[in-house]
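2 protein chains.
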Amino acid sequence: MTRDIQPVVLCGGAGTRLWPASRGTRAKQFLALTGERSLFEMTIMRTAGRFPPPIILCGTAHVELVREQADASGARLVVEPEPRNTAAAIALAVASVDADTLLLVMPSDHVIADVGAFHAAIEKAARLARQDWIVTFGISPDRPDTGFGYIASGAALGEDGFQVDRFVEKPPLVEAEQMLAAGGFDWNAGIFLFRAGRMRAAMHRHCPAIVQAAELAIAAGVRSGDRTDADPVSFARAPSESIDYAVMEKDDRVAVVPVSMGWSDLGSWQAVHALTPCDAAANGCDGNAFLHDSHGCLVRSGGKRVSLIGMDDVAVIVDGDDILVIPLARSQDVRAAAQAHK
Amino acid sequence: MTRDIQPVVLCGGAGTRLWPASRGTRAKQFLALTGERSLFEMTIMRTAGRFPPPIILCGTAHVELVREQADASGARLVVEPEPRNTAAAIALAVASVDADTLLLVMPSDHVIADVGAFHAAIEKAARLARQDWIVTFGISPDRPDTGFGYIASGAALGEDGFQVDRFVEKPPLVEAEQMLAAGGFDWNAGIFLFRAGRMRAAMHRHCPAIVQAAELAIAAGVRSGDRTDADPVSFARAPSESIDYAVMEKDDRVAVVPVSMGWSDLGSWQAVHALTPCDAAANGCDGNAFLHDSHGCLVRSGGKRVSLIGMDDVAVIVDGDDILVIPLARSQDVRAAAQAHK
Chain A
1 MTRDIQPVVL CGGAGTRLWP ASRGTRAKQF LALTGERSLF EMTIMRTAGR FPPPIILCGT
61 AHVELVREQA DASGARLVVE PEPRNTAAAI ALAVASVDAD TLLLVMPSDH VIADVGAFHA
121 AIEKAARLAR QDWIVTFGIS PDRPDTGFGY IASGAALGED GFQVDRFVEK PPLVEAEQML
181 AAGGFDWNAG IFLFRAGRMR AAMHRHCPAI VQAAELAIAA GVRSGDRTDA DPVSFARAPS
241 ESIDYAVMEK DDRVAVVPVS MGWSDLGSWQ AVHALTPCDA AANGCDGNAF LHDSHGCLVR
301 SGGKRVSLIG MDDVAVIVDG DDILVIPLAR SQDVRAAAQA HK
Chain B
1001 MTRDIQPVVL CGGAGTRLWP ASRGTRAKQF LALTGERSLF EMTIMRTAGR FPPPIILCGT
1061 AHVELVREQA DASGARLVVE PEPRNTAAAI ALAVASVDAD TLLLVMPSDH VIADVGAFHA
1121 AIEKAARLAR QDWIVTFGIS PDRPDTGFGY IASGAALGED GFQVDRFVEK PPLVEAEQML
1181 AAGGFDWNAG IFLFRAGRMR AAMHRHCPAI VQAAELAIAA GVRSGDRTDA DPVSFARAPS
1241 ESIDYAVMEK DDRVAVVPVS MGWSDLGSWQ AVHALTPCDA AANGCDGNAF LHDSHGCLVR
1301 SGGKRVSLIG MDDVAVIVDG DDILVIPLAR SQDVRAAAQA HK
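Residue numbers (the working numbering), protein chains in the order written: chain A, 1 to 342; chain B, 1001 to 1342.
The hints are simulated quantities; they were obtained by calculation from the structure and are not laboratory data. Every residue, glycine too, gets a C-beta built ideally from N, C-alpha and C. Take these hints with a grain of salt, some might be off.
In silico DSS-like links for lysine-lysine, alpha-carbon gap of 30 Å or less [what the hints assert, rightly or not]: (1) B/K1304 with A/K304; (2) B/K1304 with A/K342; (3) A/K342 with A/K304; (4) B/K1250 with A/K304.
Examples of chain A residues toward chain B, derived with CB under 7 Å [unchecked claim]: (5) F290; (6) H292; (7) G302; (8) M311; (9) P327; (10) L328; (11) K342.
Label-pair restraints from in silico Cβ distances [unchecked claim]: (12) A/R335 with B/A1032: 43 to 51 Å; (13) B/A1281 with A/D293: 38 to 46 Å; (14) A/S260 with B/G1015: 52 to 60 Å; (15) B/G1287 with A/A281: 57 to 65 Å; (16) B/V1174 with A/A281: 29 to 37 Å; (17) A/D279 with B/L1173: 28 to 36 Å.
Make a model of the complete structure from these sequences and hints.
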């Protein structure tokens, strides 16, 4: 077991991209989208045994689900009184450990098919983190996706990775195509590894209000067994910024470790379909579905009986009293319904 | 009021073409598909006031719904112990009235937009029926529909109609196109007008087993107020044949009265869509529907909330635990699901 690497699972998100399955307290990470286990459970299992039990950052609304799904993991909970984005969440984790602890920060709603490749990348990243690099994991793009931020690699750092030249925010299609053609760009998967003291120093320099609020929120927080509730008044003072914006894009010692590990953020029903076991007609169905002369469809029947006749490449998602029908290629537009039904 | 014309409403069908809305005891005729009232109610209203209250032929399973929807009409009920197709049903009606009564036989699940035109056609048909023609109503085809039988007109019968040359069963597309191009062909709408004694004689000649079984079933039937339950044992002996096959195609004194009256048999979800009030994007919705960038769709939400994003020309029909998604152009294939879910 690698004792000095402390997994941190960010579990505060809600997300509307998989509406209607994902909404309110039933956030995407708690759904079993690709098999029996939820994305959150699979995130926990990915480091179990090899590293110490994780620190889980979650909101008050999700504590019960986290307990239910992570009970046996020996995890510590740090509860965010309100969502203040990833920088503040990571600052809470930083304030909860010793300066020399290496924090492996992971979103809780991604899929990683090749865990061995992930572990190998963690080893590389840890070597760089011990040299005070803040390390991000880069996913080799296989398509000009406009839904991700990109990382431009600079000089090689031995065999382990590259210095980050710059971060590119979610690009328009033309720019995404250019980056794919040029090479040297990776998707920013939002997985990080760094020495806690190194991040603390970076935050004090780049986003002092966030780290100060987080440190006060932990100091004044309420401890109860394995659970710490951050102090609401202190935490509310933390500006709501992503870690990319607050630190990564501003720091000059950020490295990227490229890794090919069957990663997906399952950021759309199309992405879910791509990872769902399908029949010979490329239909992936969960529940009671009758498909006749239909191809390439995703059905989640939600306890109802869904009949598709002559339909191609659509998602039909049933959840409670909501039924969504959308072409898989239009998956990103699901927000239109999610927002209309807020 | 035209006293000698007795409306007869055939209400025994079930039908799977509008599955899942239509099934089991909730047959198509009892659904409000185009407005507030059911097709059955609208059929009753079409002759109310102008003609005597109707005789309603229905199955035991539908008596309650018939009572509910036709209670104020003063209708007489003739209950079929089991469905034996239209010839036997009409034979029951024939056996229930005097020989000189003109029977106006109507399916209960059609739409007629122009009731005035229908009434005018009834006048013409009645004149022919009094001369012992068995009269059928012909609908001018506006497309080469393969879902209807066709009637070929022969010699004109004055101003009122034409002698029927022959009946054409549901044709393949090529033949339907040829008939449309040639002219002189009408759709067989299944609406008939004849003197009861004339039909009785025709049946004794063309299908004696049916009329004998029906006459026994009425003679041995159970009368209770305005309801007659045909005798099950007698009625079970009636061969199950359509009136077209049992009589119309065999008789040599059959006339057709062509009529243009905004008729539809609502024989598919596409036909329902064509008669549903639609918004500017040609979407016709019943219930709680959210449509975003979608066109030409039919939604029946069945108490759920249906969200369509980027969908064109599909039907989404929710009924209880069933959800059907099908391109409107494929509406005829709904039977695949209806049969699979029997």
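To see whether the hints hold, each was checked on the structure:
{"no.": "1", "hint": "B/K1304 with A/K304", "in the structure": "12 Å, holds"}
{"no.": "2", "hint": "B/K1304 with A/K342", "in the structure": "16 Å, holds"}
{"no.": "3", "hint": "A/K342 with A/K304", "in the structure": "23 Å, holds"}
{"no.": "4", "hint": "B/K1250 with A/K304", "in the structure": "48 Å, violated"}
{"no.": "5", "hint": "F290", "in the structure": "6 Å, holds"}
{"no.": "6", "hint": "H292", "in the structure": "4 Å, holds"}
{"no.": "7", "hint": "G302", "in the structure": "9 Å, violated"}
{"no.": "8", "hint": "M311", "in the structure": "6 Å, holds"}
{"no.": "9", "hint": "P327", "in the structure": "5 Å, holds"}
{"no.": "10", "hint": "L328", "in the structure": "10 Å, violated"}
{"no.": "11", "hint": "K342", "in the structure": "12 Å, violated"}
{"no.": "12", "hint": "A/R335 with B/A1032: 43 to 51 Å", "in the structure": "34 Å, violated"}
{"no.": "13", "hint": "B/A1281 with A/D293: 38 to 46 Å", "in the structure": "26 Å, violated"}
{"no.": "14", "hint": "A/S260 with B/G1015: 52 to 60 Å", "in the structure": "56 Å, holds"}
{"no.": "15", "hint": "B/G1287 with A/A281: 57 to 65 Å", "in the structure": "31 Å, violated"}
{"no.": "16", "hint": "B/V1174 with A/A281: 29 to 37 Å", "in the structure": "31 Å, holds"}
{"no.": "17", "hint": "A/D279 with B/L1173: 28 to 36 Å", "in the structure": "32 Å, holds"}
Figure legend: structure checked against the earlier numbered hints; hints not met, in rising order: 4, 7, 10, 11, 12, 13 and 15.
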